[in-house]
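S.K.: Next come the chains, spelled out residue by residue.
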Amino acid sequence: MPTATLSTTDLKPLARDMRVDIIRMIEAAGNGHPGGSLSIIDILTVLYWKFLKHDPKKPDWAERDRFILSKGHACPALYAVMAKRGYFPHDELLTLRKLGSPLQGHPDRMRLPGIEFSTGSLGQGLSVGVGMAIAAKMDKKNWKTYVVLGDGEMQEGQCWEAFMSAPKWKLDNLVMILDHNNGQIDGPVDQVMNIEPLADKLRAFNWDVQCIDGHDLDAVEKALANAQKAGGKPHAIVAKTIKGKGVSFMENNIAWHGNAPKKEDADKAVKEILNG
Amino acid sequence: MAKATRESFGDAILEIAQTNPNLVVLDADLSKSTMTQAFMKKYPERHLEIGIAEQNMVGVAAGLALSGKVPVLTSFACFLIGRVETIRVSAAYNQTNMKLVGTHAGIGIGEDGTSQMGLEDVAAMRALPHMTVLQPADDTETKQAVRWMIEHKGPVYIRLTRQKMADVHGPDYKWEPNKIDVLWEPAKKPAKYQATIIASGGPVPHAVEAAKSLEAKGFFVRVANASTLAPFDSAAVARFAKDSQRLVTAEDHNVNGGLGSAVCEALAESGQACPVVRVGLRDFGESATPDQLYEKYGLNAPALAEACLKNL
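Line order of the protein sequences matches chains A and B. Take the first sequence: its position 24, counting from 1, is numbered 21 in the numbering used here, and each next residue is one higher. The number in the numbering used here is simply the position in the second sequence, starting from 1, with 3 added.
If you're looking for bench data, these hints aren't it; they were derived computationally from the structure. These numbers come from a predicted model, not from an experiment. Some clues are possibly wrong.
Derived DSS-like pairs (lysine-lysine); straight-line CA-CA distance at most 25 Å [as the list claims (entries may be wrong)]: (1) 137/A <-> 35/B; (2) 47/A <-> 237/A; (3) 156/B <-> 167/A; (4) 45/B <-> 134/A; (5) 156/B <-> 134/A; (6) 45/B <-> 165/A; (7) 138/A <-> 45/B; (8) 156/B <-> 165/A; (9) 44/B <-> 165/A; (10) 45/B <-> 167/A; (11) 55/A <-> 156/B.
Start from the sequences, fold in the hints, and give me the full structure.
M.R.: Pasting the structure below:
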């Protein structure tokens, strides 16, 4: 259902607590992706508390907004949000990646209600979002589709097929948020395969584009508010983020893309987050 | 009347669309060839032209399916399986209710040559969990299979021909999914058949012609039609192995991973011993008329008859 109106100051402690959840669940799993999870948690917090129409008690509510985490490896952030919003008990976060857990290493819609689309193979989420947004238009429904993509993911050709297609159907009910943390497994995105000038490319593809600081909760809120408007263009929010944000030794350090902290590092990270 | 199964599909969706408002058709610039033009003209609001971007077509279809639509996406078989990993995740793993239609199956397309021939699509699709794989052989069967496919919940791949297919069923034929059907048998039932031909798609009418010609020469050969390739009717294979001296598989597809493999797998797991002759492609195809290619690659009636008797 439409979510409670919290000010962005109220959201700060929530995002902070969920950063701790991300660290603790990946520590417990023994592997996972802290860097990209920490870079999107602020965006997801604003989205799930201020914009997304959803009902954790009724995940298949027909009028809900749809959310797809195309960069599926950042699912610890999504799981932390879902637990906090009441999709499942908080304790379950510690089952991440363990046998029988609904919290798979990458999101699995068949195992976890509330996941709209099982991702993990980069490049597919935006196309699916386009299909959902077309369906909503066909049925004259007001629900919206939000898709979070990674910047490394932009190297996949399918993303560009999807970017090309969304304006054809004037999908102003589709919001793409790019987690632009400039980190991917083999190195900085701009060195591995540069995607810039990104905003220009998206504008050339006929998208409505906003560029923001993805850790500034007010900026995220303002951008998402702007993206609610009709106007015939799909919305892109290019959010500049920091991989590993909130934990100094993880920030912009690619070693923490897909590595779990051991207890000592996890304790250090949690202490830093709580003091930060 | 002989008709390409792609044409029967085009007729069938036009009919089904009248009663199923959720049916949506997606094309990737091949609607003239995949026979969705009539649908597009009659239901433009339910037709999505995606352009030459098959991956995006698969993804968009997944989004539509997850929002209650029944998307039917068409392209040549070879271009669809070019996107097999997208299909793996967006269709099979997510269990989305999309219907993938791969036309221009096999060397039966003729002159356009190898790059346009779907020759490995069954192998790829058959390996995907939750994916139903259909290959109907004539007009009657195709229309019923398409109707079933639209009503079935879950991803389906259907493989269709460019070339016209002779009718192998009477008008009263009732098609059933997940079954290998005995299509033709000699008037007199022998204690043991010299061969049972298990055919699918393009070679099916040729297999019937081969069996008839052999009957005239005093041989007993039965023809079975595998119109569902996944899930596979292994029990039928085990039954045929009991009363046949050999099994001959006939497919316009690579024998590795296709029907030939499916029959061998079923037979091995049944614990029975029976020689299998796999007729189909073992290489890429080439340009020529469909008839010339069916002759060269051993899929016409004389070649299939020979496969039934060789070294018997």
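S.K.: With reference to the structure, classify each hint as holding or not holding.
M.R.: Taking the hints in turn, this is what the structure says about them:
At most 25 Å may separate the alpha-carbon atoms for a hinted pair to count; residue 137/A and residue 35/B exceed this at roughly 30 Å. Between the alpha carbons of residue 47/A and residue 237/A the distance comes to roughly 20 Å, so the proposed pair stays at or under 25 Å and holds. The hinted pair formed by residue 156/B and residue 167/A fails the criterion: a straight-line CA distance of about 30 Å is larger than 25 Å. A hinted pair counts as satisfied when its Cα atoms are at most 25 Å apart, and residue 45/B with residue 134/A qualifies at roughly 20 Å.
Simply put, residue 156/B and residue 134/A have alpha-carbon atoms about 23 Å apart, close enough for the 25 Å limit, and the pair holds. Our distance criterion of 25 Å between C-alpha atoms is met by residue 45/B and residue 165/A, whose separation comes to about 20 Å. About 24 Å separates the Cα atoms of residue 138/A and residue 45/B, which keeps this hinted pair within 25 Å; it holds. Taken as a hint, the residue 156/B and residue 165/A pair is broken in the structure, with Cα atoms around 29 Å apart against an allowance of 25 Å.
Between residue 44/B and residue 165/A the alpha-carbon distance is near 19 Å, which keeps this suggested pair within the 25 Å criterion. For the suggested pair residue 45/B and residue 167/A, the alpha carbons sit about 22 Å apart, so the restraint of at most 25 Å is met. A distance of roughly 22 Å separates the Cα atoms of residue 55/A and residue 156/B; the hinted pair therefore holds under the 25 Å criterion.
The structure fails hints 1, 3, 8 (numbered hints given earlier, in ascending order).
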